[in-house]
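Asker: These are the residues of each chain, in order.
2 protein chains.
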Amino acid sequence: MLEITPNLDDKSRKPLYIQLSDYFKKEITDGNIKSKEKLPPKRMLASYLGLSINTIQAAFDQLCAEGYVESKPRKGLYVKAIEDKIFSKQTDAPKFVENVVKEKKQVKIDFNSGKVDLEHFPYNVWRKLTTESLYTDRSKLFNMGDPQGERCLREVITNYLYESRGVRCTADQIVIGAGTQLLIGFLCVLFGREHTYALENPGFHRTRVVLKDQGVKIRSISLDEDGISVNQLEASDATIVYVTPSHQFPCGMVMPISRRLELLKWAEERAAFIIEDDYDGEFRYKGKPIPSLQGLDTNGTVIYLGTFSKSLIPSLRISYLVLPTTLMKKYQQKLTIYKQTVSRLHQETLFHFMDQGHWQRHLNKMRTLYRKKQFALLEAIKKYLGDQVKVIGEKSGLHILIKVQNGMSEAELIAKAEEMNVKVYPTSIYYEHPNPTNTPEILLGYGGLQQTEIEEGIRLLKEGWNL
Amino acid sequence: MLEITPNLDDKSRKPLYIQLSDYFKKEITDGNIKSKEKLPPKRMLASYLGLSINTIQAAFDQLCAEGYVESKPRKGLYVKAIEDKIFSKQTDAPKFVENVVKEKKQVKIDFNSGKVDLEHFPYNVWRKLTTESLYTDRSKLFNMGDPQGERCLREVITNYLYESRGVRCTADQIVIGAGTQLLIGFLCVLFGREHTYALENPGFHRTRVVLKDQGVKIRSISLDEDGISVNQLEASDATIVYVTPSHQFPCGMVMPISRRLELLKWAEERAAFIIEDDYDGEFRYKGKPIPSLQGLDTNGTVIYLGTFSKSLIPSLRISYLVLPTTLMKKYQQKLTIYKQTVSRLHQETLFHFMDQGHWQRHLNKMRTLYRKKQFALLEAIKKYLGDQVKVIGEKSGLHILIKVQNGMSEAELIAKAEEMNVKVYPTSIYYEHPNPTNTPEILLGYGGLQQTEIEEGIRLLKEGWNL
Numbered sequence: 001m002l003e004i005t006p007n008l009d010d011k012s013r014k015p016l017y018i019q020l021s022d023y024f025k026k027e028i029t030d031g032n033i034k035s036k037e038k039l040p041p042k043r044m045l046a047s048y049l050g051l052s053i054n055t056i057q058a059a060f061d062q063l064c065a066e067g068y069v070e071s072k073p074r075k076g077l078y079v080k081a082i083e084d085k086i087f088s089k090q091t092d093a094p095k096f097v098e099n100v101v102k103e104k105k106q107v108k109i110d111f112n113s114g115k116v117d118l119e120h121f122p123y124n125v126w127r128k129l130t131t132e133s134l135y136t137d138r139s140k141l142f143n144m145g146d147p148q149g150e151r152c153l154r155e156v157i158t159n160y161l162y163e164s165r166g167v168r169c170t171a172d173q174i175v176i177g178a179g180t181q182l183l184i185g186f187l188c189v190l191f192g193r194e195h196t197y198a199l200e201n202p203g204f205h206r207t208r209v210v211l212k213d214q215g216v217k218i219r220s221i222s223l224d225e226d227g228i229s230v231n232q233l234e235a236s237d238a239t240i241v242y243v244t245p246s247h248q249f250p251c252g253m254v255m256p257i258s259r260r261l262e263l264l265k266w267a268e269e270r271a272a273f274i275i276e277d278d279y280d281g282e283f284r285y286k287g288k289p290i291p292s293l294q295g296l297d298t299n300g301t302v303i304y305l306g307t308f309s310k311s312l313i314p315s316l317r318i319s320y321l322v323l324p325t326t327l328m329k330k331y332q333q334k335l336t337i338y339k340q341t342v343s344r345l346h347q348e349t350l351f352h353f354m355d356q357g358h359w360q361r362h363l364n365k366m367r368t369l370y371r372k373k374q375f376a377l378l379e380a381i382k383k384y385l386g387d388q389v390k391v392i393g394e395k396s397g398l399h400i401l402i403k404v405q406n407g408m409s410e411a412e413l414i415a416k417a418e419e420m421n422v423k424v425y426p427t428s429i430y431y432e433h434p435n436p437t438n439t440p441e442i443l444l445g446y447g448g449l450q451q452t453e454i455e456e457g458i459r460l461l462k463e464g465w466n467l
Numbered sequence: 001m002l003e004i005t006p007n008l009d010d011k012s013r014k015p016l017y018i019q020l021s022d023y024f025k026k027e028i029t030d031g032n033i034k035s036k037e038k039l040p041p042k043r044m045l046a047s048y049l050g051l052s053i054n055t056i057q058a059a060f061d062q063l064c065a066e067g068y069v070e071s072k073p074r075k076g077l078y079v080k081a082i083e084d085k086i087f088s089k090q091t092d093a094p095k096f097v098e099n100v101v102k103e104k105k106q107v108k109i110d111f112n113s114g115k116v117d118l119e120h121f122p123y124n125v126w127r128k129l130t131t132e133s134l135y136t137d138r139s140k141l142f143n144m145g146d147p148q149g150e151r152c153l154r155e156v157i158t159n160y161l162y163e164s165r166g167v168r169c170t171a172d173q174i175v176i177g178a179g180t181q182l183l184i185g186f187l188c189v190l191f192g193r194e195h196t197y198a199l200e201n202p203g204f205h206r207t208r209v210v211l212k213d214q215g216v217k218i219r220s221i222s223l224d225e226d227g228i229s230v231n232q233l234e235a236s237d238a239t240i241v242y243v244t245p246s247h248q249f250p251c252g253m254v255m256p257i258s259r260r261l262e263l264l265k266w267a268e269e270r271a272a273f274i275i276e277d278d279y280d281g282e283f284r285y286k287g288k289p290i291p292s293l294q295g296l297d298t299n300g301t302v303i304y305l306g307t308f309s310k311s312l313i314p315s316l317r318i319s320y321l322v323l324p325t326t327l328m329k330k331y332q333q334k335l336t337i338y339k340q341t342v343s344r345l346h347q348e349t350l351f352h353f354m355d356q357g358h359w360q361r362h363l364n365k366m367r368t369l370y371r372k373k374q375f376a377l378l379e380a381i382k383k384y385l386g387d388q389v390k391v392i393g394e395k396s397g398l399h400i401l402i403k404v405q406n407g408m409s410e411a412e413l414i415a416k417a418e419e420m421n422v423k424v425y426p427t428s429i430y431y432e433h434p435n436p437t438n439t440p441e442i443l444l445g446y447g448g449l450q451q452t453e454i455e456e457g458i459r460l461l462k463e464g465w466n467l
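These protein sequence lines are chains Y and C, in that order. Per my numbering, residue 1 is the first one in the first sequence, and the count goes up by one each step. Per my numbering, residue 1 is the first one in the second sequence, and the count goes up by one each step.
Since the hints were derived computationally from the structure, they do not count as laboratory data. Computed from a prediction, not measured in an experiment: that's the story for all the values here. The reader is advised that the hints may include incorrect statements.
Identical copies go unnamed one by one, so any copy, or any two together, can satisfy a pair.
[Claimed, not checked] Simulated crosslink set (PhoX-like; lysine-lysine; CA at most 25 Å straight-line):
| # | residue 1 | residue 2 |
| --- | --- | --- |
| 1 | K372 | K395 |
| 2 | K372 | K38 |
| 3 | K339 | K212 |
| 4 | K330 | K217 |
| 5 | K34 | K372 |
| 6 | K26 | K265 |
| 7 | K265 | K217 |
| 8 | K423 | K382 |
| 9 | K108 | K382 |
| 10 | K462 | K382 |
| 11 | K330 | K212 |
| 12 | K80 | K11 |
| 13 | K75 | K395 |
| 14 | K72 | K390 |
| 15 | K26 | K416 |
| 16 | K11 | K365 |
| 17 | K339 | K217 |
| 18 | K34 | K265 |
Just chain Y, same shape as in the assembly (with noise of 0.2 Å):
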C-alpha cells in the first residue's frame, strides 16, 4: 500500500478533488510513486482520508483524464509509465519576454495618413444601429454567416459603386473582409503563387510586404506624371499589376483617363490582371470623382478593391474586393472555404448604416470637411514653410508630399519635427530602393487634425527645420 499523506485543506477555493489529483500528481512526478504501481481503491483511501466516495472518485477520474494512471478493468487503477525526466522540468517558471515596443515619445501633433477626422462621425446613429442590431434574431447574427460576407451589405455596397465609382458589378462578385492585406493575401491564393506582380515604385509598402510574405515574383515600375508607366510594365513579365489610380500612393497623382485605357489595354492583350486599390477615392476635391478602372474595364481584368477604413471607421477592419465574372467561379472553388472574417454584427450594422443614407451623408460631410483641412495645411504651408517646400499630390485624398530643399536628409526633417513634438512621415520607406540623394519627401496626412491643430504643427514645423 502507497503511504498517501496529503495535505488537504477544505477552506482553500480549491476543491478537495482538485488538491488530491495534484497531490497525486506531484507524487508521480517526484518519483515517490512509480509507474505502474497501484493506486489504492477508493474506498479505502475515502475512509483513510475521511473524504466522500465521490471526491476521491472525482480526483481519479481527474488523473485518467490526464493520462497519469490508466484503470485496468477488474483490476483498478495502475500509474502509467512516464519518462521522468521530462516531468522535472515542468516547474520552471515561465520566461518573460522582454518589452520589445520601445517607450514613445508625446506626440503633439501627429500628420498619421492613417487617421481620419472621428470629430464629425455620426455616433449616436451608430450606436444606435448597432444596438438594434443587437436586438435582431439571435441565431442569425451569432452564428458564422456567408463567407462571402453577407449580402445584404453586399447589396448596398454595389449600389454604392455604381453610383459614386462608375463600378459595374453585382452583389455576387463582392467579397467582404477584414482589410486589405488581408484581401491580397486571398488574390495570392486565387491566382495561384506563379505570377509575377508588379507594383508601382514608390508604392504602398503594406502591399510590397504582403506579395513579399506571400512569397510571389515582384517586378518595381516606376510612375512619370499620370501613374504608373505602362512601358516598363510591357517590358517586364508581369502578368498582374497593383496600381492606386484614384490617387497614387504615396504621390497622389490621379491616372488620366488616356493612362487608364493605356492600362486596360496592356491587360487586355497579355491576358493579364489589373488590382485597382480605390483606398481613398471617395474624397477628390475638384468635380465628380473619376471612374474607376472597373468601370472602364469591359474584358474581366480588374479585381477593384475598396475598404471602409478611410471613409468610415479605421478600426472596424471592413474592406472588400470585386471581383471580375470571370474569376468567380475560381473563388467559389478556392475560397469559400475559408471563413468570413469581418464580425456579422458590424456587417448588419453598416448595411443599416449605408441602407438608411447616412453612409452618403457622412462622406458628402467628410468630403467638404477634408477639402477644408486641406485648404488650411496649403494655407499654412505657404504661410510659414515658403518656396523651400514643394507640394505634390493635392488633388486628393486625406495626405499630401511635401519636397523639403533645405538640405535637411529624410531622417533629419522627421527628427527635428519630433524635437517639436510634431510627428511627419517618411516617403523613402514605399521606394523598394530608396535613393538618399534625392530632395527628400515628407509624407503628411491631415484626415485626423483640427485646422487649428494643423496650422500649429505646421508653424512647429517652420521652428523645428530653420525655414
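Position chain C relative to chain Y; hints supplied.
Answerer: Leaving out everything else, chain C in the frame of chain Y:
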C-alpha cells in the same frame, strides 16, 4: 467653333455641370468632338447656353480631372488624344455572373459542429457592454489599435489561459486575429515557407487547405488511440506539427500525458515547433481540463492557438496565438506591419466581458449544458440506433463521430438523412486520401441543437437509415 447642343434638364436630380460634362464626354467618345480640338471659351459657352460661369467651370474641371481634356496655359482647353476603339466598348452592359450557389433544401435538424448554443448566451450583458464601449473615448476606439491586439484584452486572456488551460505566458506573447485560418497564414509568414508541416490524418481540413494554399510542404501523419503517431512523425522530415491534443479533430481522442511528453521531446530534439490548436478545450466533461501542451513545454517549442468561436460567439471572429518567447523577436520584425484584423470595439467589449467575470460564468454554464446535450445525444443513439452504431470521441468537445455499420456508404448515409430533413456531416473530407471501403464515420455536432431536437434528429436518422 464646335456645335454644342446639350440636352440639359434643370429639374433633373443630376447637377447641371455633371449633365454638361457627361454630354462632352459622350461627344468625345463618340468621335463627334475630335482629339486635339479646342473647347469653346467658358464665357462664350455660358452665355450661349444660359448657364453660370461656375457651372461651365465645374464641368470643365470634371473633364480635366477625368483626363478627357487638358489645359494648355494661355491657350485654353484641348481634347486629349485617346484611342477611339477602346472607348466604343465602354457602353457595354455589365456581364452578370450566374449565381453559383445551389438552392439549399430546407433542413429541419442540422448536426453542424460549427454551431454553438446561442439560447443561453447572456445577450443583455453583451449588449450593455457593447453600448458602454461605444460611449468610451472615440479616438481610442475608432482609430486603428495595436496590430497585436488591444493590451487589456491580451491581459485577461493571459489570466484565463493560466487558470483554465495551464498556459503560461504574458500578454506580450499573445497575438489576436480574425480566425484560426488567418493566424495559421501568419505562422507560415513567421516561419518562412521552407518548413515542412506535419498534420494529423484525419485532421482539420481547413488547416490543411490554408497550408496547401500557402504553398508549404505537408506530411500526413496517422493517428493511433492516443493521437498523432510520434513514431511516424520522427520518421518524417517535418519541422512543424499541427495537433489538436485536447480533443482531436475529428476523432475526439484526448492525448494522454505520456504522448504529450513524447511530442515535446520530439520538438526539442529536432528544434521543431508544435502548433497546438485548442479549438474546444474548454468543454471537457470529466474532471478539470487537461493542461495544454504549452503548459508542459519548457523549451519554447509550442505555439498555442485558441478561439472564442466555440466558447462565445462564432460570428465575432476572435482567435489568438500564444507565441513562445523564442519567436517574439521574429514576430516584431515580420508581422507588426500587418494591421489588426479584429474590430477594436469587439476587443473592448470582450475585455469587459472577461474582466467582469461574465466569461467564466458563461463557460461554466455552457459546460453543464453541453454535457446534458451530449448525454441526450448518447441516450438517443442507444435507444434508436442500437448496436449497429459505435460512438467515437465522446470525452469532450461539441461533436462526436458515429461509425454506422448498416452497409450504406458515407454519401448514402448523408443523402438518406437529408431525405428526412436532417443534416449530418462526412468525415472522409478530413482524410488526405479517404478510403471508401472503410466503415463510414459520420460527424454529429450538437452544440447548436436543443435536447428535443437532438432526440428527434436521431429518431429520424433511424428511419432514414433503416436501423
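Asker: Does each hint hold? Answer for all of them.
Answerer: Do the hints match the structure? See the list:
no.: 1; hint: K372 - K395; verdict: within (13 Å within a copy, 64 Å between copies)
no.: 2; hint: K372 - K38; verdict: neither (82 Å within a copy, 33 Å between copies)
no.: 3; hint: K339 - K212; verdict: both (24 Å within a copy, 16 Å between copies)
no.: 4; hint: K330 - K217; verdict: both (21 Å within a copy, 23 Å between copies)
no.: 5; hint: K34 - K372; verdict: neither (79 Å within a copy, 37 Å between copies)
no.: 6; hint: K26 - K265; verdict: between (73 Å within a copy, 20 Å between copies)
no.: 7; hint: K265 - K217; verdict: within (23 Å within a copy, 38 Å between copies)
no.: 8; hint: K423 - K382; verdict: within (20 Å within a copy, 69 Å between copies)
no.: 9; hint: K108 - K382; verdict: within (22 Å within a copy, 70 Å between copies)
no.: 10; hint: K462 - K382; verdict: within (11 Å within a copy, 82 Å between copies)
no.: 11; hint: K330 - K212; verdict: both (23 Å within a copy, 16 Å between copies)
no.: 12; hint: K80 - K11; verdict: neither (31 Å within a copy, 88 Å between copies)
no.: 13; hint: K75 - K395; verdict: between (84 Å within a copy, 22 Å between copies)
no.: 14; hint: K72 - K390; verdict: between (84 Å within a copy, 22 Å between copies)
no.: 15; hint: K26 - K416; verdict: neither (60 Å within a copy, 52 Å between copies)
no.: 16; hint: K11 - K365; verdict: between (63 Å within a copy, 24 Å between copies)
no.: 17; hint: K339 - K217; verdict: between (27 Å within a copy, 23 Å between copies)
no.: 18; hint: K34 - K265; verdict: between (78 Å within a copy, 21 Å between copies)
Going through the hint list in order, the structure does not satisfy hints 2, 5, 12, 15.
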